[in-house]
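Starting from the known structure of chain A, fit chain B onto it as the hints suggest.
What follows is the residue order along each chain.
There are 2 protein chains.
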Amino acid sequence: MPIYNAPTRDMQFILHDVLKLSESGLAGHDELDREFTEAVLDAAGKLAEEVLAPLNTVGDQQGCTLENGVVRTPDGFHAAFDQMKEGGWTALDCDPEYGGQGMPYLMGVATGEMFVSANMAFNMYQGLTHGAYSAIHAHGTDDQKTTYLPKMVSCEWTGTMNLTEPHAGTDLGMLRTKAEPQDDGSYLITGQKIFISAGDHDMSENVIHLVLAKAPGGGEGTKGISLFIVPKFLVKEDGSLGDRNAVSVGSIEEKMGIHGNSTCVMNYDSAQGWLLGDLHKGMRAMFTMMNEARLGVGLQGYAVAVPAYQNAAAYAVDRLQGRAVTGTENPSGPADPLIVHPDIRRSLMDQKSFLEGARMLTFWGAHEIDKANAGDEEAEGRISLLTPVIKGFLTDKGFDMAVLAQQVYGGHGYIEEHGMSQFVRDARITMIYEGANGVQALDLVGRKLAADGGKHVMAFFEMIKSFCKENSSNEALSADFIEPLKAASKDLQAAAMFFMQNGMKNPNAALAGSYDFMHLFGHTALGLMWAQMAVAAQAALDAGQGDAGFLNTKLATGRYYMKRQLPMTATHLARIESGAHPVMALSAEQF
Amino acid sequence: MPIYNAPTRDMQFILHDVLKLSESGLAGHDELDREFTEAVLDAAGKLAEEVLAPLNTVGDQQGCTLENGVVRTPDGFHAAFDQMKEGGWTALDCDPEYGGQGMPYLMGVATGEMFVSANMAFNMYQGLTHGAYSAIHAHGTDDQKTTYLPKMVSCEWTGTMNLTEPHAGTDLGMLRTKAEPQDDGSYLITGQKIFISAGDHDMSENVIHLVLAKAPGGGEGTKGISLFIVPKFLVKEDGSLGDRNAVSVGSIEEKMGIHGNSTCVMNYDSAQGWLLGDLHKGMRAMFTMMNEARLGVGLQGYAVAVPAYQNAAAYAVDRLQGRAVTGTENPSGPADPLIVHPDIRRSLMDQKSFLEGARMLTFWGAHEIDKANAGDEEAEGRISLLTPVIKGFLTDKGFDMAVLAQQVYGGHGYIEEHGMSQFVRDARITMIYEGANGVQALDLVGRKLAADGGKHVMAFFEMIKSFCKENSSNEALSADFIEPLKAASKDLQAAAMFFMQNGMKNPNAALAGSYDFMHLFGHTALGLMWAQMAVAAQAALDAGQGDAGFLNTKLATGRYYMKRQLPMTATHLARIESGAHPVMALSAEQF
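Chains as they are written, first to last, in the working numbering: chain A, 1 to 591; chain B, 592 to 1182.
In isolation and in its complexed conformation, chain A is listed as follows (with noise of 0.2 Å):
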């Protein structure tokens, strides 16, 4: 069975070694000292390890049946959930005055991400509900949050996401779902939907549909749509649970991996439904939360290497199996361990130095993000242009990783039975949902680039060039990372700027390189974060105070990543200035 190790040390040096967390400023945040975050962290980290983790393997290879309408969990899911809702860890982030911990968002996604590591399966039932929950909490009617909020909370009810149809996944415009307004104010709503994670399942007493639909006077594609919230059991007036809705689960998807997560088609008979937030507005509401939504899903896409990558490196350190090229370093073996061959080392940094550098973005992300919700509208700007990098970059770079992972263990690796195949079966997933990174890549260019007049970009690169000034006499790091993080830059502006020379005239010159841009981003990013962990590592080395041994191997990780994975940004610019002709060169038939 695979391992899993919660990295609460490494957590704990972005959280306050790096981002400072606790003199952030922001209400609340004065209390999340090294203490405070390390029990917290530890007390997840055992969670993880000790309860979801051993139950990774048995989720993907049991996967959920569907018998007579209902929808059974593997083995030991409910009594792990029960173990999570009972620790609190569902409530974490949530509003206090419906029973939630009222911690920021960024210890959600600190815990989450541990979870995730663990049994991404299994953490997608918490995960879906929380998106249900902030919908609910931005947009629902004081009456609505008072039925909902505190049973999503605790996740004795567990929450959905319903947008695909059949027909229409990223158009959601062409969706055919209908909603019939009744007299007492309610909608009946019918018409399928696929593709949904958590649809049913046998862990909670009741599950809340958030449901995109059509309802009459609404103008054609996307405008038409709203938002309504379809219980699986109708609540009664004293909030306990009445007649089953009309709604069912037709099929459970056979997927490539996740397969501990009911993947359902659910079908919508004249089910009884309530319009959450406007009439019409549907997009709007379901999308409110899209920043956090799309960098949790960001995270997974690196948190499910993370033990594809601890496997990995352990497997190395003891499989035998050749001998060192430099000479013998286990002699009184049958062969060396693999760690001493440089290839096997090259894969495991290429892991190492990208899932470092991926916590760090993500982490500073969800700051951002706190600081958005307490106000601050640069931060705002900011993780808006960062999220479609976040969520596109960090998913194809973390299913890379969990493939290099399953690389390290030749053969063995492709039987399931070590779980590589496992970890790069789930990280699949990641590339595809929450908007395909196509779509980022689209949402990154075509949106975010020149929003608000381009002033987050601007800002963005602003932030790198006074990071670099306030740092460029650090002689310790200015060779291994202000100039390639200065270079890297210089590339992604030129990107920036050959867009906009191009773009105007022609929207696929720009469209064409925008998968490449959000890479050469996220590149960028990496570089960003990682000069900024080192010079927190270095700070801390100067002033003699943590572990040495720690983070000195902070800065080599690190050094790594600037000197062989940043040199991307040069072809990626080379692709994006290659302009629209030779990616649309050919007709259609010409394929």
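Hints in this document: simulated from the structure, not taken from any laboratory.
Yeah, the Cβ is synthetic: ideal placement off N, Cα and C, and Gly gets one too.
Hints may contain errors.
[Said to hold, decoys possible] Stretch by stretch, here's where chain B covers chain A in the computed footprint (C-beta under 8 Å, at least three residues):
1. 238-246
2. 321-331
3. 335-343
4. 421-431
5. 512-518
Positioned in the frame of chain A, the structure of chain B alone reads:
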């Protein structure tokens, strides 16, 4: 169910316009004119499209089962295998002395691509047999050849390769399977082998296992290894089947993909075997056919991505989602097809331009093998150098392309229904078996680069140089093909130079860059292949021969590769030139 269209026109272009097969001067090749090869390819394509492809999903879903020691293949496999045998497809490039048709290896590769694309797991039964056939053909006694080869050529008996043991994968020196000599000249083989593809099944009368084992008196490590023929049923003097040998299937591995192939744990319990080739020279005997075997896996790597691409392209034309940014292209429909979106184009062009280049490189390599088999030592040098590139680069990229194809389907790519997941899961093994790709990189940099004083790599550079010189005055192609090829070749030479200057002092400086070098080499090789195809296509256009639409599509696809894929060489060079330090900076405990 996924579609598959045999790409025979593209193959004909390579065979006749580029490689000019019938003018190559090799024995028997003058008969291989356009009409003849078209008839062969069309017939193979028909078998692939109509018989093998429809069984691909069946094989994935049913897998192989082991009941009471008997392996059952998926429904329809046996009948399809009979059709393959009856059509003479297993005998195509085999020696006529043993019932083969005596066609060049290249024709086996061309037809093989289609069989792999249609059903990779199925085709492995024949592929492994061909490998065992080749080893016996090269090293067997006359008696062994007469006994085994005719039945293996016809696939009445199939073959396997037994190398791996639980603790010995790449490092075969550690294997423990024992061979005890008997008075009658045979050996008793005892031990366990794992990951044995096509290890047992119900589609042939007998299975001929080639088994690496240690006989007494050999040295330590790989020097003490011999190769043995161990038939499942002993063969009597008259060629009929006798007693069951003491070899049995321990279990069938649960794998990520290629479920239709029975990957077995094989137990040898004093099984009777016969030495193949010289005592204690088993490694040499097993690896005589290494170039063919590895090229065959490189072929699998891209071939499995061919139908993935075809389905993605068809889906992109069919699936309506969103509107073109430059104006509606399907005004009468509810949305435009996916293919209007530049980022979908980017993905499809990445796939198409890689796959056609990969086919060219593989066919070129097979042609070199035919030349080498005819005694051409320079061709032998070239193909030995390129073999790890073909295996490593084409399988890495083939997998990436299958992932890209899957992505075009969005959520529909993640569910098993459309078969896109299977392409990805099947492709994944090609990066691992027949020498994991890290081992290919080691072979390339640690052995092939310096082989014979580096003369083969120098010859490769010279080949590019003279090609560029010959075509430098070709104005239609110079900027788009010749100049980018020169730039890539310059990067490749700089990398080789870096290894020469630094690898002597510190082998890790070369090996840390070995994987990047393999990819840098692969891109350069594909750049050369595309330039050769462009020259051929332009010549045909200039001469007014052939289908102008096809030829212009070829040129546009090639331009894409040169513009958007080849710049990757710069990043690989930068990674290589960063040397060993970043890669080796951490101790084993720091991971």
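Structure-based check of all given hints:
Coverage of the region 238-246 of chain A by chain B is violated [criterion: at least 3 residues with CB-CB distance below 8 Å; count 0]. Note: the region 321-331 of chain A has 4 residues with beta-carbon separation from chain B under 8 Å; the three-residue rule is met and the coverage holds. For the region 335-343 of chain A, the proposed coverage by chain B is satisfied: 6 residues have a C-beta within less than 8 Å of a C-beta in that chain, meeting the threshold of three. Coverage of the region 421-431 of chain A by chain B holds. Counting CB-CB distances below 8 Å, 6 residues qualify, and the rule asks for three or more.
Counting residues of the region 512-518 of chain A whose C-beta lies closer than 8 Å to any C-beta of chain B gives 3; at least three are required, and the coverage claim holds.
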